[in-house]
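S.K.: Letter by letter, the chains look like this.
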Amino acid sequence: MIRPTLKGQRLVALFLLGWLLFNYPVLSLFANDTRIWGIPLVYVYLFIAWAALIGAMAMIIEHRDQ
Amino acid sequence: MLTGALIVVISFLYVGLLFAIASYGDKRADAGRSIIANPYIYTLSLAVYCTSWTFYGSVGRAATSGIGFLPIYLGPTLMAALWWYVLLKMVRISKAHRITSIADFIASRYGKSHLLGGLVTIIAVLGIVPYIALQLKAISASFSTILQYPNNLISAAPESLPFLQDNTFYVAMLLAVFTILFGTRHLDATERHEGLVAAIAFESIVKLVAFIAVGIFVTFGMFDGFDDLFIKAAAIPELNALLVQGGAAGNYTTWASLTVLSMLAIILLPRQFQVAVVENVNERHLNKAIWLFPLYLLAINIFVLPIALGGMMHFPAGTVDADTFVLTLPLSEGRTWLALLAFVGGLSASTGMVIVETIALSTMVCNDLVMPILLRLKALRLTERADLSNLLIGIRRAAIVFVLVLGYVYFYLAGEAYALVSIGLISFSAVAQFAPAMLGGLFWKGGTRLGALWGLSAGFIVWLYSLLLPSFAKSGWLPITFLTEGILGIDLLKPQQLLGLQGLDEITHCLFWSMLANIGLYVSVSLWRRPTATEHSQANLFVDVLRHVAEGSGSRFWRGSATVADLQTLLGRFIGPERANESFAAYARSQGINSVEQVTANAVLVHYVESQIAGAIGSASARDMVASVVVEEPLALEEVMTIIDEASQALAYSRQLEQKSRELEAATNELRTANQRLQELDRLKDDFISTVTHELRTPLTSIRAFSEILGDNPNLETEQRAKFLGIITRESERLTRLINQVLDLAKIESGAAEWHPSALDMREVIEDATTALSQIYKERGIQLTMTLPDGLPVVYADRDRIFQVVLNLLSNAANFCDKPESRVHVSVIAEETALRIQIADNGIGISATDQNIIFEKFRQVSDAIAGKPKGSGLGLAISREIVQHYKGRLWVVSTPGLGSTFSFTLPLPRSKMVFLGA
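Chains as they are written, first to last, in this note's numbering: chain A, 1 to 66; chain B, 1001 to 1918.
Rather than coming from a laboratory, the hints here were simulated on the basis of the structure. Do not rely on the hints blindly, as some may be mistaken.
Under the rule of at most 16 angstroms between Cα atoms (straight-line distance), these lysine to aspartate or glutamate pairs were calculated in the EDC-like manner [to be verified]:
no. : chain 1 : residue 1 : chain 2 : residue 2
1   : B       : K1857     : B       : E1680
2   : B       : K1288     : A       : E62
3   : B       : K1232     : A       : E62
4   : B       : K1887     : B       : E1749
5   : B       : K1857     : B       : D1744
6   : B       : K1474     : B       : E1485
Same shape as in the complex, but just chain A (with noise of 0.2 angstroms):
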């Protein structure tokens, strides 16, 4: 049985910023020429942003404290 601890307000707190990194205005900061091995900055940025929040969610989940 899954009882609502931390873990789940962590993850609330993840999605929050997972919100702020995938919208405007934070988006519009990589929304530009540079390119990165001649890939478009914004392309790396979404990619690199969800799989980091992706490891942050296994961690939370996988973590076994308390």
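Let chain A serve as the given structure and place chain B on it in line with the hints.
M.R.: Quick look at chain B alone, frame taken from chain A:
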């Protein structure tokens, strides 16, 4: 080159493989060794979210708007972070209440409302139809592409063909058969399909592998990796423009609204509800899915932009539909087998979606739309049919065919005017209408049935008007003036510029207006009126589900009677008699009972049966069905309140206990006082006995002394002898009197005295008494006067006793009057309720302290003047006993030196006042 026959054979082989997996999964489930009971299969089944929209459509979308395809996958990622609260709640509630569809969920939340369930079903079916059309279009397009390459790369308009020659129609019908075989082989109360989930999970692997294979081929086979591909693309101006996310605010608005839409879709789409909630084996699987599912989405999206860019660079602009790049790129390079893998991947994506979606929709149509209507039609006498399970399966199969036919019709009418993604977004906007009722219902107790009905209806109408109907208009099935001029030519009613709102894309426009209407009405109508008792109890069960143990809750609010046999027969009608037997046996085991025969029909069993039937026909209908065999006694609001207020009952009980203990304490105190009184009385009795013996001894001593003198001196003078004999006689008389009085008092006090009441004329009694004492008064020179009025009322009393009282008082008065001019006055006064007799003297009087004690036994006024006491000390005590026996009063008023007045009253008979003749 691939032939049509080969492709068809491969398709059927693939479908055959899926069947094998499904039946294996079912077999394992029946054996109790589920293969889907792990978080990885659960996550893969959630990936049914990725349909041919993702597989083909994302590439098409990327070819027109660059990175604009991404919000559809970022939204679910964000939502996954909220699953911990949202999805967990939905799973718990659905398991506790056997909820099998989103329509059932919403209907159940708002008091098991048929109307609401029906409305949600209609919105879901109409909203999902374009989505199904999208899959049909994708399958038929992929089929013709792979078959006809390199010809006909821009798909032909289907209107040119009658539907019987249109392969899309056959695809739809094949899918219907496929779904029926998969999803409705038997009825299960929980509506879970383990085999199906296993097949869907397998399909999710196939489509991911196929897409990534194509992506790797394009990126690393046709180009030299990502950098090479992007650098080459940047060299082409039109492609370069795609690579930079547009800076215009409008783009960000679209981006945000697509993110919101997909966030809602991931929990509200009927097929997502089916796999995430209904097919969930263990809520702990949700844990891993929270991060594994977004990972799947990330993986399947990495190569979308490379494939889109590769296709656009490879094919001259406008020659190949970007939605088919996944197939056409391998084909153009001669990689037939890769193209075939991609085709199978696309087939997986489409079939997975169609199967799960139509199963979910057919459950809704059957449970929340058709069955409630059929059960209400009395003419069908459905409630009397023995076995309804075949009928239920029949309805579901018909619903599957119906939904697919609708999908085909939409594809036929409007499919060609839109790219895949745009069609899908119409569906997303429709299911987003469930959000206020659903999420509001999960977290806000105040939402009511009417609020949900109004909100849903309004949102649905706005969606219909601003998104669905325009899609028909764009296909030419409605006059295009509907779009450009609005209905009846009113500018403000232009479907995609409502009230003149401009500058938004059609999806954002619809989302804004429909949510405004939906949320606005949901909240305001909900706040308009207080929720009913049912709504309130359901709201508590749903909103607080994480707080209390869900199992069996709700059954307490029920009271009625039913027989076990009736309930079992009822259950058998919906899920088949054998399954009903098994179900009852399982219930008996869960209750710790050996056999079904020993099961008693109580609230728990009725709740169990209701939830089992709810799995087959929906909660609202299940309630009606159970009510048909259960004589349910209506539960008044006060009774519900009583149940709820059990805590306060306990409080009242403890208060009663407190009260009792206080009473006990008081009783103990009383007992203690009584005990003290008893001890006091005991002491008084001892005193009395010693006093009596003392009083008896005095006359006895003098009698003995004088008798001895007489005996010792026989030759005493005659005069002397007579004097001594006189003393002996007087003392004997005194002794007799004393003993008589003691006996008298004892008799009166013990209640053993005999009373002979008769009508009494007080005047006569007093006259007799004064006559008896007149000699003594004369001797002592006391003047006796009387005031005896005529016509005195009669009293009822024992004449001798009252005579005794009067005599006693008169002789007392005489004893205490030794002045030269003594007077005693006797008077009788008739009062309202009593007769008062007063005997006043002008003797020595009685001091205030003595006034209190003279009525006690053997207490005499210690008379300094008189020297020694003159009476026995019992006269007044006996007199008071006698007066009190007749409910009268005896008292004294006295001033020392001036005289005393003794008075007593005798109450008059209450009913009749008898007057003696004047």
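S.K.: Hint by hint, note whether the structure agrees.
M.R.: Do the hints match the structure? See the list:
The hinted pair formed by K1857/B and E1680/B meets the criterion: a straight-line CA distance of about 15 angstroms does not exceed 16 angstroms. Between K1288/B and E62/A the CA atoms are separated by roughly 8 angstroms; this keeps the pair inside 16 angstroms, and the hint holds. Distance restraint check for K1232/B and E62/A: the Cα-Cα separation of roughly 42 angstroms exceeds the 16 angstroms cut-off, and the hinted pair is therefore not satisfied. Under the criterion of a C-alpha separation no larger than 16 angstroms, the hint pairing K1887/B with E1749/B is consistent with the structure, at around 15 angstroms.
Among the hinted pairs, K1857/B with D1744/B is consistent with the structure: their alpha-carbon atoms are about 13 angstroms apart, no more than 16 angstroms. Annotation: proposed proximity of K1474/B to E1485/B holds, straight-line Cα distance about 13 angstroms (limit 16 angstroms).
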